[in-house]
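Asker: What follows is the residue order along each chain.
2 protein chains.
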Amino acid sequence: MKELQEYQKIVENKIHELDLPKEPANLYDPLRYFLKLGGKRTRPSLTMLGCSLFNVPGIKAFNAALAVELFHNFTLIHDDIMDEAPLRRGQQTVHQKWDTNIGILSGDVLFVEAYDHLSKYEGQVLPQLLRIFSRTARQVCEGQQLDMDFETQDVVSIPSYIEMIRLKTSVLLGAALEMGATVAQAGEKDTQNLYDFGVNIGLAFQLQDDLLDVYADPEKFGKQVGGDILANKKTYLLLKAFERASEEQRTILSDSMALANGDEKITAVKRMFAALNVREDAEREKKRFYETAIKHLEAIDVPSQQKETLIGLADFIMARDH
Amino acid sequence: MKELQEYQKIVENKIHELDLPKEPANLYDPLRYFLKLGGKRTRPSLTMLGCSLFNVPGIKAFNAALAVELFHNFTLIHDDIMDEAPLRRGQQTVHQKWDTNIGILSGDVLFVEAYDHLSKYEGQVLPQLLRIFSRTARQVCEGQQLDMDFETQDVVSIPSYIEMIRLKTSVLLGAALEMGATVAQAGEKDTQNLYDFGVNIGLAFQLQDDLLDVYADPEKFGKQVGGDILANKKTYLLLKAFERASEEQRTILSDSMALANGDEKITAVKRMFAALNVREDAEREKKRFYETAIKHLEAIDVPSQQKETLIGLADFIMARDH
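Top to bottom, those sequences are chains A and B.
Following my numbering, the numbering of the first sequence begins with 1 at its first residue and continues without gaps.
Following my numbering, the numbering of the second sequence begins with 323 at its first residue and continues without gaps.
Keep in mind that the hints were calculated from the coordinates and are not lab data.
Treat the numbers as computed from the prediction; the structure is a model and nothing was measured.
Some hints could be false.
Claimed, not checked - Quick list of in silico lysine-lysine cross-link-like pairs, DSBU-like style, CA-CA up to 30 Å:
1. A/LYS233 with B/LYS344
2. B/LYS442 with A/LYS189
3. A/LYS189 with A/LYS286
4. B/LYS382 with A/LYS120
5. B/LYS511 with B/LYS442
6. A/LYS22 with B/LYS362
7. A/LYS60 with A/LYS97
8. B/LYS331 with B/LYS556
9. A/LYS189 with A/LYS223
10. A/LYS36 with A/LYS22
11. A/LYS234 with B/LYS419
12. B/LYS629 with B/LYS419
13. A/LYS97 with B/LYS362
14. A/LYS120 with B/LYS511
15. A/LYS22 with A/LYS97
16. B/LYS609 with B/LYS587
17. A/LYS220 with A/LYS265
18. B/LYS358 with A/LYS97
19. A/LYS307 with A/LYS233
20. A/LYS234 with A/LYS223
21. A/LYS234 with A/LYS189
22. A/LYS233 with B/LYS511
23. A/LYS22 with B/LYS555
24. A/LYS120 with B/LYS442
25. A/LYS189 with A/LYS307
26. A/LYS2 with A/LYS223
27. B/LYS609 with B/LYS511
28. B/LYS382 with B/LYS555
29. B/LYS344 with A/LYS234
30. A/LYS36 with A/LYS120
31. A/LYS9 with A/LYS234
32. A/LYS60 with B/LYS556
33. B/LYS555 with A/LYS97
34. B/LYS362 with B/LYS542
Using the sequences and the hints given, assemble the complete structure.
Answerer: Quick look at the structure:
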């Protein structure tokens, strides 16, 4: 995991060194603020690892990595507005600290910064990176829209939910790796397997997210435990619970969700999750995606010791507590 | 102007043929709706004209032109949210017809579409186009931020105002032409002069916008005449009026702006504009930018008959009534 930590450190430093203009302060201060809230820099590290996997120094993929990280932060700023989220990484969100307009606009300019880092590549790599990046950005928007659509739908099937999280979260992890492989000019089949590894890890990652929201240690979590329950968010756990519940249990679950007192609501919904064993389902589904991911990684035609860091990263993602 | 009309028609057709996905409908329907509201397609036509000026068929710049037009529409969707505008081209804005979240997100995905059209270029043209496009997109965001900042500032100088409209409006017209010249691989000096032509036409264009808001024919205008006055928007006219007013006139102007009845407010503010002759100033300033633009166009090293369409377009922009 030494290589991973090295890349995370490089990204962190480069993020802090980003030469954003001073003025207009209301446009760029929010970005300086938000980009320094931290985060594990997982996605950009994946890009560098996806490059070094094919014996090309990871640092060559650094600008693509930064594009991925800046894009990710852009989506967070806009998502926080749409979700009316007050906190991000335990700190005020941009629209909360400034206002919604500043959140929209500073997000927009961050998206420009992301694309701008791609234009540092030349030759055939540039159009290839652009195609991956735009395709992925479009999918992430689609995923966010589906997520919002689900809020007003009575019934959402588990497959629809998986498709939504695939778009909203997972394709970016796949694309981060794919962009690294593209900088390294890896073969088509290996690049595809690396992408599929990332997407499946991403799906596992998102199920872990759903699990953490309910079962995380509040001290480590950095945001409110049970937030999804309070917001009536259709997570894997909730959808599975409704799918499995008897008519009577469904009524109890609906009544629990209608409780006005937040703590009581969380406790009551968690009680139903326990009665219906949905935590176990989510854990099993997460493991299934993890194993699919590893299969794709194994299929890549490079010596297995070169894959160790990626396996380590996958394990790191699976075991995260915040 | 035959060439211009031809390009406008090509852009209009291509916009209608854009193959946007069907689903999620809440993401792409707003784009289909908004892109068909029309508009004069001035900016993309400039891109094609900027290419054909250097004896390269304008159609070669078509994808760059579409990128410019899609970017412009993206900024309109987000600006309409920020400005809380109910109408655009006489029709409901996206956030009004759907909601703010859909406005944010469909704007974001339109921005992706814009960049995506650039990636159809190859070789050295692609990174050059990307650099122009990203630089310009960043400036347009800066201009919008300055515009919002001005709302809460007591005093805004005329030079600050000109800088704001240069960023918010004019650089995109310059960049539209520059991108056309880049596709044609024109010389550096010619490309710069073409850019400066566009920026100065853009400044004239924006002053015309300020003038139209107050003095347009309501039937042709397509949005509310006097809207800037009602919103206390710091336009060239208002800033000039405050700059020139005596202490007594300043009080009258402030009192006029404080009137609760909209029609009375518009009438009273217009009366002060007339007393202070600010319409004449705006017209003179507009003419000055127009003449600077023409000087830059004249300096470009191509036969003058090839410049006729651009001169025609400049005149068209100057004379527009909506």
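Asker: Just pull the numbers of the violated hints for me, sorted ascending.
Answerer: Failing hints, ascending: 6, 7, 8, 9, 12, 13, 18, 19, 21, 22, 28, 31, 32.
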